[in-house]
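Input sequences plus hints: build the corresponding full structure.
2 protein chains.
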Amino acid sequence: MKVCKFGGTSVADAQQLKKVASIIREDPSRKVIVVSAPGKRFDGDTKVTDLLIDLAEAALAGQDTVPALQKVVDRYAQIAADLGLDSEIMAIIAADLAGRLSFSKENPSLFFDQLKASGEDNSAKLVAAYLTAIGLKAEYINPKNAGLVVTEAPARVQALPVSNDNLSALRYKNSISVFPGFFGFTKDGELRTFDRGGSDITGSILAAAIGADLYENFTDVDCVFAANPRIVENPAEIELMTYREMRELSYAGFAVLHDEALMPAFKASVPVCIKNTNNPGAQGTMIVAERDYSKRPVTGISADSGFSTLYVSKYLMNREVGFGRKLLQILEDENVSYEHIPSGIDNLSVIIRSHQLTPEKEFRIVSRVKTELNADDVHLNSNFSMVVLVGEGMKYTTGLAARATEAISRTGANIEMINQGSSEVSLVFGVLQKDEQKILKELYNEFFAPSYAL
Amino acid sequence: MKVCKFGGTSVADAQQLKKVASIIREDPSRKVIVVSAPGKRFDGDTKVTDLLIDLAEAALAGQDTVPALQKVVDRYAQIAADLGLDSEIMAIIAADLAGRLSFSKENPSLFFDQLKASGEDNSAKLVAAYLTAIGLKAEYINPKNAGLVVTEAPARVQALPVSNDNLSALRYKNSISVFPGFFGFTKDGELRTFDRGGSDITGSILAAAIGADLYENFTDVDCVFAANPRIVENPAEIELMTYREMRELSYAGFAVLHDEALMPAFKASVPVCIKNTNNPGAQGTMIVAERDYSKRPVTGISADSGFSTLYVSKYLMNREVGFGRKLLQILEDENVSYEHIPSGIDNLSVIIRSHQLTPEKEFRIVSRVKTELNADDVHLNSNFSMVVLVGEGMKYTTGLAARATEAISRTGANIEMINQGSSEVSLVFGVLQKDEQKILKELYNEFFAPSYAL
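Protein sequence lines, in the order shown, are assigned to chains D and P. Per this note's numbering, numbering through the first sequence is continuous, rising by one, with the last residue being 531. Per this note's numbering, numbering through the second sequence is continuous, rising by one, with the last residue being 531.
Don't take every hint at face value.
Since copy identity is lost for identical chains, a pair holds within one copy or between any two.
[Stated by the list, open to error] Below, computed lysine to any residue pairings styled on SDA-like, alpha-carbon distance capped at 25 Å: (1) K511 - A479; (2) K391 - Q406; (3) K372 - A313; (4) K518 - T475; (5) K403 - R445; (6) K148 - L162; (7) K124 - S346; (8) K447 - T228.
Hints in this document: simulated from the structure, not taken from any laboratory.
Structure follows, in structure tokens:
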């Protein structure tokens with residue numbers, strides 16, 4: 078039994094949905110289908126989710142909602158018409174949207190969630206109607222009825238363990254279940270949406286719950302590439318990688334699969350396959366628990382910008398039991414998470430994603446570290462990038478760090494930070510943002526180009 | 078004005094003390110002299126401090142103290158006789174020791190401190206007597222009267238700021254002040270000894286207090302070497318280095334100068350010179366605030382064994398604000414300090430000096446991390462060594478990490494950890510203890526040998 082998730086571009090229009098239907102029809106083990114909201118059909122198009130946000134904003138502002146609502150309805154209506162569906166499905170979708178608009182606006186965030194989630198929800202209804210229309214036995218599944226129970230606010234939205242039991246029942250349905258991605262309900266029945274990439278998460282939760290043999294994640298790329306194709310020309314395709322490798326790659330710049338989405342599949346040992354709706358014959362990228370790494374120690378290289386460094390020095394810092402803990406407490410008080418803490422003898426740096434900082438937060442953090450920890454020197458620098466070399470068995474490959482640092486030094490760039498030693502599958506370099514791309518290219522050449530010439 | 082500290086071997090016997098006297102006589106600006114207790118005269122000899130520990134143990138055990146006391150008295154008496162001093166100084170020393178033996182044994186730790194500190198105290202009295210006997214104007218200074226005030230138990234022994242004011246008065250004495258190293262007194266007049274290497278600390282405190290032009294630290298080596306001479310043959314001599322370089326080198330294996338001893342001199346910007354009592358003509362190693370690093374990015378390479386790694390992994394760890402802080406809190410509860418925290422995406426390692434751990438502590442730490450932090454995997458490994466490359470300006474030298482990692486890979490050893498990025502003056506490699514020496518040798522060859530051949 079397989080769980081298939083289809084992303085926004087896979088359900089963007091009738092033509093795409095026909096591909097989806099043929100993919101489903103082709104393999105009877107594709108029994109649980111998770112769908113996103115209709116995405117962009119062409120460059121410059123607007124996703125349904127964004128139309129829904131406009132609609133929610135208009136409603137909250139007390140403006141006329143008709144034009145914005147019409148745009149949403151039109152997108153679905155166009156798809157339904159092009160698929161030759163009768164008017165029943167559009168009546169259902171229109172009624173659904175009207176119902177949501179009459180939802181209480183007292184808590185704007187809950188109202189937003191209601192509207193946004195309709196994108197996936199109505200997409201699932203539409204897909205189920207279409208599959209039924211073409212003669213497949215398919216059923217729209219309501220996440221509330223199916224029991225996808227999530228954490229209450231203000232906790233980050235996560236599925237509760239009870240969901241696993243509830244959702245396992247889908248295994249025994251003899252029809253194809255079409256499940257909307259992106260949202261669940263609290264114990265009290267309140268709708269909450271997952272983080273970005275939430276349909277990937279829903280698919281993974283379902284794959285784990287039904288104990289799927291495979292979780293197929295259909296996107297618009299043939300596979301995961303060894304490096305960002307917008308920076309490296311024709312990068313190598315990754316055929317097989319481990320969960321850990323995917324997770325470390327997605328951390329820094331690999332947007333193919335939302336990192337949180339891997340967890341349920343990983344914990345339930347369900348292999349994941351990244352496939353292309355537009356080219357389902359391509360074998361895609363398999364993500365599994367283990368792989369033989371003797372032939373290729375490096376699987377991929379990712380890079381991401383937008384990091385800041387909080388540098389703290391204090392003479393004899395390492396004699397002070399509790400110094401690091403107090404420093405992290407100050408960051409926690411500001412709700413700032415950190416990525417790495419490289420340290421010298423009398424100093425340490427905390428690498429932080431810059432989007433978490435504001436000038437006020439920065440000021441408070443720096444002054445608290447100065448006064449409460451009596452630091453000799455404290456400062457924050459931004460414009461750092463992280464370049465991450467990922468590969469199982471890298472740790473056991475002698476000379477790999479030497480090849481990587483040598484490659485970076487060929488670019489003339491300085492290495493601001495090296496972090497190796499905990500993860501067995503990654504080697505992290507902190508570099509100046511301006512050097513990020515040339516370093517990525519050079520590392521790619523070092524580890525992937527068949528022959529390297531200066 | 079200079080503060081000169083003479084270590085144990087420099088005051089071990091009459092012959093050595095004559096060298097000390099001639100060093101003092103040679104330069105009238107050498108006005109404050111700090112002395113250790115008489116050290117070993119030859120391989121297999123016993124230091125006075127160790128004789129004093131035997132004496133204290135005998136006294137606490139209620140045994141006959143005469144034999145152990147006699148050994149201590151004999152050492153001083155031999156020196157006094159060989160220096161041709163009259164019996165007065167030995168009467169003073171014997172009375173001092175008798176007085177200390179009658180000190181309350183209620184708190185064994187305070188009793189130990191009393192006895193141990195007598196080594197330096199009587200050494201200072203003897204040196205002052207000798208300098209006076211050869212016609213110099215010299216005076217033994219009692220640290221209690223001079224106002225070397227230290228923290229109360231149970232805090233780590235450190236000089237309080239008031240000491241600085243009190244001790245600055247020594248600047249205006251026209252005689253040579255002979256000051257015992259290693260101890261001070263709390264506000265309540267209780268004697269407390271500094272950590273290991275405590276005479277270096279006393280000298281540094283005095284140098285800062287009187288605003289010395291130079292703090293000369295006399296030992297039995299000509300200089301600080303770029304690597305451990307017991308491992309690397311004829312290592313390069315370091316002529317000039319910065320406080321930061323000395324501090325980072327002393328962290329891992331460079332026992333020349335106790336790391337804490339640099340702080341007062343560093344804060345007061347007093348340059349430090351490491352010199353050899355047995356070869357005072359050698360220029361020694363100067364330790365200053367800044368040096369031109371354009372010619373030689375690496376100053377020295379140190380290595381130290383006895384590190385353990387606490388590895389913790391948990392899926393999506395980096396999304397959990399507070400994870401690292403809670404982990405460090407668990408270590409703090411066990412009074413364990415850490416050295417480095419290399420981290421991957423979903424895992425981190427804490428590098429700890431193994432001597433802080435016991436099997437019980439390890440068990441408690443591992444089980445608390447498992448249960449309280451819900452970690453997926455937790456384990457402790459020992460037998461790691463840290464190899465540290467130290468040099469001002471290393472951070473600005475492109476390709477240095479590449480040269481270092483390349484050198485290590487030539488040895489066939491694996492790099493378990495790389496930590497670079499906070500300190501501007503060091504690059505730390507974690508390696509298996511068994512590989513430590515070959516790596517040190519290879520790194521030395523890479524950065525110091527005039528020409529390197531495989």
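Hints and how they fare:
1. K511 - A479: Answer is both; intra-copy 23 Å and inter-copy 20 Å each pass.
2. K391 - Q406: both (17 Å within a copy, 20 Å between copies)
3. K372 - A313: within (15 Å within a copy, 42 Å between copies)
4. K518 - T475: Both, since 22 Å and 18 Å are each at most 25 Å.
5. K403 - R445: both (10 Å within a copy, 20 Å between copies)
6. K148 - L162: Classified as within: same-chain Cα gap 19 Å, cross-chain 107 Å, threshold 25 Å.
7. K124 - S346: neither (33 Å within a copy, 64 Å between copies)
8. K447 - T228: So K447 and T228 pass the 25 Å test across copies only (23 Å; inside, 38 Å).
Checked against the numbered hints given earlier, this structure breaks only hint 7.
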